[in-house]
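Can you make the complete structure from the sequences, with help from the hints?
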Amino acid sequence: MGSSHIKKMVKKNFALLGVNFASCYFWLWLGIVALPCTCFAQKADSIQKINQLNEVQIQQYRLTKQNLSPVPLQILSAQELMRINSLSVADAIRYFSGVQLKDYGGIGGLKTVNVRSMGSNHTAVFYDGIVVGNAQNGQVDLGRYGLDNLEEISLWSGQNSNLLQPAKAYASASAIFLKTKVPDFDQQKRYFLNADVKLGDFGLISPSVNYQYRIKNKLWGSISTNYIHANGSYKFRLTNGVFDTTALRNNADVERFRIQAALFGETKYKAKWNIQGYSFWSNRGLPGAIVANKFDYSQRIWDQNFFVQGAYRQDFNRVQLLFNAKFTHDYTRFVDPEYVKIDGFLDNRFRESEVYFSVAVKYDVNTQWSWSLSSDDQYQYLNANLYRFAYPQRNTFLNVLGTAFKTDRLTLQGNLLSTTVVDRIQALENPNDKQIFSPTLMFSWKIFQQHNLSIRGFYKDIFRMPTFNDLYYTFIGNTLLRPEFTKQYDLGLTYSTFFNQGKLRFVELQGDVYYNTVKDKIIAQPGANLARWIMYNIGKVEVRGLEINAKTGIDLRKGLNIGFGINYTYQQAIDVTDRNEDSFADQIPYAPKHSGSFLAKVDYKHWKLNYSFIYTGYRYNQKANLIYNYMEPWYTHDMAMGYGFKLKESCVQLNFEINNLLNQYYDVIPNFPMPGRNYRLTLNYSL
Amino acid sequence: MRNLSFLLVFILVLLACRKEPRPLPSEISRVEPEPTAVLRGMYLVNEGNMNMNKASLDYLDFRNGIYTRNFYNQINPEVTKGLGDVGNDIGIYGSKLYIVVNVSNKVEVLNVRTGKRIGQINITNGRYLAFAKGRAYVSAYLGRVGDPTAVNGIVAEVDTTTLSISRTVRVGRQPEEMAIVNNKLYVANSGGYSPPNYENTISVVDLDSFMETKRIEAAINLHRLKADKYGDLYVTSRGDYYDILSKLLVIDTKTEKIKKTFDFAASNLTIDDEVAYIYATSWNYLQGRNTINYFMIDVKEELLLKQQFITDGSDKHIRVPYGIAVNPYNKDIYITDARDYVTPGKLHCYNVEGHLKWSVTTGDIPAHLVFVK
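Same order as they appear, the protein sequences are chains A and B.
Mapping of the first sequence onto our numbering: residues 1 to 687, in sequence order.
Mapping of the second sequence onto our numbering: residues 1001 to 1373, in sequence order.
Derived from the structure by calculation, the hints contain no laboratory data.
A few of these clues could be false.
Mimicking DSBU-like on lysine-lysine, the simulated pairs with C-alpha atoms at most 30 Å apart in a straight line are [what the hints assert, rightly or not]:
#, chain 1, residue 1, chain 2, residue 2
1, B, Lys1081, A, Lys102
2, B, Lys1316, A, Lys593
3, B, Lys1259, B, Lys1184
4, B, Lys1019, A, Lys235
5, A, Lys540, B, Lys1373
6, B, Lys1019, A, Lys341
7, A, Lys540, A, Lys593
8, A, Lys519, B, Lys1346
9, B, Lys1214, A, Lys341
10, B, Lys1316, A, Lys521
11, A, Lys593, B, Lys1226
12, B, Lys1226, A, Lys540
13, B, Lys1214, B, Lys1257
14, A, Lys341, B, Lys1184
15, B, Lys1019, A, Lys102
16, B, Lys1214, A, Lys519
17, B, Lys1259, A, Lys521
18, B, Lys1357, B, Lys1260
19, B, Lys1346, A, Lys341
The calculated label-pair distances, taken between Cβ atoms and stated as ranges, are [as the list claims (entries may be wrong)]:
#, chain 1, residue 1, chain 2, residue 2, range
20, B, Asn1122, A, Arg237, 21 to 27 Å
21, B, Trp1358, A, Arg351, 50 to 56 Å
22, A, Gln572, B, Asp1159, 52 to 58 Å
Built from N, CA and C at the ideal position, the CB exists for glycine as well.
Laid out in structure tokens, this is it:
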């Protein structure tokens, strides 16, 4: 693998970046020049050893965690995140099985995740253990979260099987945990610095800095910041075989800035605590649907998000305590210059505030049997400058009692969650308070003493509350809505094995079959007036699925390692709302029957090579499974090549990505075209 | 390497799955043929959901009883992204068929016999059509793009020979349907973008000077506007969806005053000769569903008739009536059903006795109908 190859690709990228970013040229130039000069100057094996050691440790940690988990668990660690072709959490999530990403395209486009076809409102996102709330529409835009400061992304089907955690972690049908980088207290070093800059197509320039500093013994501070600027413009092609149009995506520019600071400490009583402040600004165009005769849009969105959160954990002999608290304020402004009201352009502003407290306690009866109790209180308030707005306030009280029985081979776990929701609104009549009990049961059993072969399963009954938009949005909301309920049944096998000798290092398999039902699904339907839609509880969905994950690592000879991973998901997700409808038993919109991904990686000395393939089968974009609603499968091949070397104490890594190598033009959401082939270069420096 | 070959097979299998792009096909259904029918057929525009680019054109050949779905794409596959996003109105004038496509900011012009595209007129946020003296009139929400003070809508006058906009006139906010009586254009203004400050007037435009000469006070949030042969306008008011209820007004164009008010939630109507055919959909919060009523009005006397135009009870299968037309020769009544808006709709045909003749599946949100002579 010569550097001439890289040069060629970089040059292509260079040309595509255009003339706007003079500074990019410098970095690219630096990259090109620095590569061949420094390759040979460095000591080859030290960094490689560190990398390998880390990878082995991480593999083992991951395998152990996944293998023992009574619910399907998928993990991507920082090291993996660095090498797979991803700009945001949303991109990384695509490598998990059972997941459909709803992606409106581009860097600024909304990206939400739907796990096992239950709907995107059923997946909760946790940031350092605390839920990311959105009472307004229940959706968390995963495109917003960069990867530079993340230690780990994990996806739990069902729920996180940890016993000591906030009650919120029991309260969704699936959960994504984003874990930021936390200082290692045992380290001898006083500080860590990690800085990177990403350059790429769509005029992307994104520097980020993460810095951790030991203030004193058992007290660390960290600061992390990231800036993204992109014009978001990319070429897309539309064709039906007769017309063939190529155009540029407009109004897709993004500017984002995030800064967060945290303190991590340990008291003399061995209690661990942390507190962090997070602030996020975004200013972006809202690229619209590419429809006949209209490709250009002018709507804009501004977002500001601010939160402070903290955690305190104290472990006693048999009792462990965990406190969490959070305050959040979100501001969104939407301006539509194509919608002129008597006081000017449509200019909607939403302000959402949230206060959250959680207490969790775990008590170990003996070494095998534990109990836990968690209580959360969440208060949310939404303010908007809308006509006849309801100014809703919501108080959610969650209490959960859990117990687990664990031996070396057997895990039995269960919990009962109680949810009380009290909504208060202005102008309209207050909806009824809701009190719901939701049980979960899970088990895992290691079949043989000597082999890591386990059988596992879970049953979970949970619901999602109607969002403020569902209930109170002017003209559309319906205050009589009930929650949307899901039931999940899962049965699976996991197998993993390590080898200390030979070429094969490890093999890991996970397979699950599942059956989910969604009832009282909240769906918009036409109401009184032809222009009015109203939210109803009418949908019913049945999902039958199969997920298979396999991973392996091979040591070919000294210095050459290769690894493979494969994911496959089969889903039959059918609409069983009304037997008299033509679309009864049709596959629900956007759920592909087949989807999967394949990952291959090669490490050789300083070099890392990654190849990934993501496949989403055909699906329909509306209820009826007709040719007019048919969407072609899409699949992208992505490549990444990395080169790392040590520079005195520091470590430099260069990563070059080609996304959508075969330049396939596709839509995930109809009329929101995705980018074709594009390039990205990351220069990472750590000290 | 076993893994590698596995990978290759895997990729090859998957690669085979994407088909060559081709135009969306049309589909044909059969209905009862009427070989002696005076009218040749009927075009139907399906609105399609916003952002889905699924506006589509269906054609019914009365004499052969052939219903063709997605007719436009079959005839005009070369048009990028086809008919477009949200079809809002359809009309025939002379040998040309006009279709207003709202989000696509255009009026498509087709040959009425062949369906072949002749051209398009660009108009931002176009709504409805009217025709007179060799000209087409298009109402549109947005007068000037990118101007926060351009709150009023417009009516554009289109030369039907050159298909270019010759003049525009500013009317009320968010203008909807129009009708022409005695060389005057009457425009229903809604003001729907600025609740609770709805418009409550009908704009009167003199067709010679193409100036707004008057505003007739009517009721808030106007939508439908149809003229009968006695010089009266039937106008629907949508109310404010809360305290002010929907109603149907009759305006006398001679006095330009309200002549009569019917207190029911008329959603849409069509007037054929002496009779207005109306459906009214109202939302019932307690039952959590729509209540649908059908009415007939004698337009000569402005009297509500006792009779119903669906008499066989088959109206219970109509979930959301969304379009209506009456055949002026055999008096057959056509009603479209938008169902749940996200699945293909239905077109039902009733004979003059009110019995269901046939039903056929349409595109998404079937809405606007026009007869072909």
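Status of each hint after checking the structure:
1. About 22 Å separates the Cα atoms of B:Lys1081 and A:Lys102, which keeps this hinted pair within 30 Å; it holds.
2. Simply put, B:Lys1316 and A:Lys593 have alpha-carbon atoms about 36 Å apart, too far for the 30 Å limit, and the pair is violated.
3. The straight-line distance between the Cα atoms of B:Lys1259 and B:Lys1184 is roughly 19 Å, inside the 30 Å bound, and the hint therefore holds.
4. Pair hint B:Lys1019 plus A:Lys235 holds up; C-alpha atoms about 22 Å apart against a cutoff of 30 Å.
5. Note on A:Lys540 and B:Lys1373: the hinted pairing is violated, with a Cα-Cα distance of about 46 Å set against a maximum of 30 Å.
6. For the hint pairing B:Lys1019 with A:Lys341, the CA-to-CA distance comes to about 45 Å; that exceeds 30 Å, so the pair is violated.
7. A hinted pair counts as satisfied when its Cα atoms are at most 30 Å apart, and A:Lys540 with A:Lys593 qualifies at roughly 18 Å.
8. As the CA atoms of A:Lys519 and B:Lys1346 are separated by approximately 27 Å, the hinted pair is consistent with the 30 Å bound.
9. Straight-line distance between C-alpha atoms of B:Lys1214 and A:Lys341 comes to about 22 Å, which keeps the hinted pair within the 30 Å bound.
10. A hinted pair counts as satisfied when its Cα atoms are at most 30 Å apart, and B:Lys1316 with A:Lys521 qualifies at roughly 25 Å.
11. Taking the CA atoms of A:Lys593 and B:Lys1226, the gap is about 49 Å. The hint is violated against a cut of 30 Å.
12. For the hint linking B:Lys1226 to A:Lys540, the alpha-carbon distance of about 42 Å lies beyond 30 Å, and the restraint is violated.
13. Restraint check for B:Lys1214 and B:Lys1257: the C-alpha separation of about 12 Å stays at or below 30 Å, so the hint holds.
14. Restraint check for A:Lys341 and B:Lys1184: satisfied, since their Cα atoms lie roughly 28 Å apart, inside the 30 Å limit.
15. A threshold of 30 Å between alpha carbons decides the hint, and for B:Lys1019 with A:Lys102 the separation of about 22 Å falls inside it, so the pair holds.
16. For the given pair, B:Lys1214 sits about 54 Å from A:Lys519 by alpha-carbon distance, which is inconsistent with the 30 Å threshold.
17. Between B:Lys1259 and A:Lys521 the CA atoms are separated by roughly 47 Å; this puts the pair beyond 30 Å, and the hint is violated.
18. Between B:Lys1357 and B:Lys1260 the CA atoms are separated by roughly 34 Å; this puts the pair beyond 30 Å, and the hint is violated.
19. A distance of roughly 35 Å separates the Cα atoms of B:Lys1346 and A:Lys341; the hinted pair therefore is violated under the 30 Å criterion.
20. The hinted window of 21 to 27 Å between B:Asn1122 and A:Arg237 holds, with their beta carbons roughly 23 Å apart.
21. The hinted range of 50 to 56 Å is satisfied by B:Trp1358 and A:Arg351, whose Cβ atoms lie roughly 54 Å apart.
22. The hinted window of 52 to 58 Å between A:Gln572 and B:Asp1159 holds, with their beta carbons roughly 56 Å apart.
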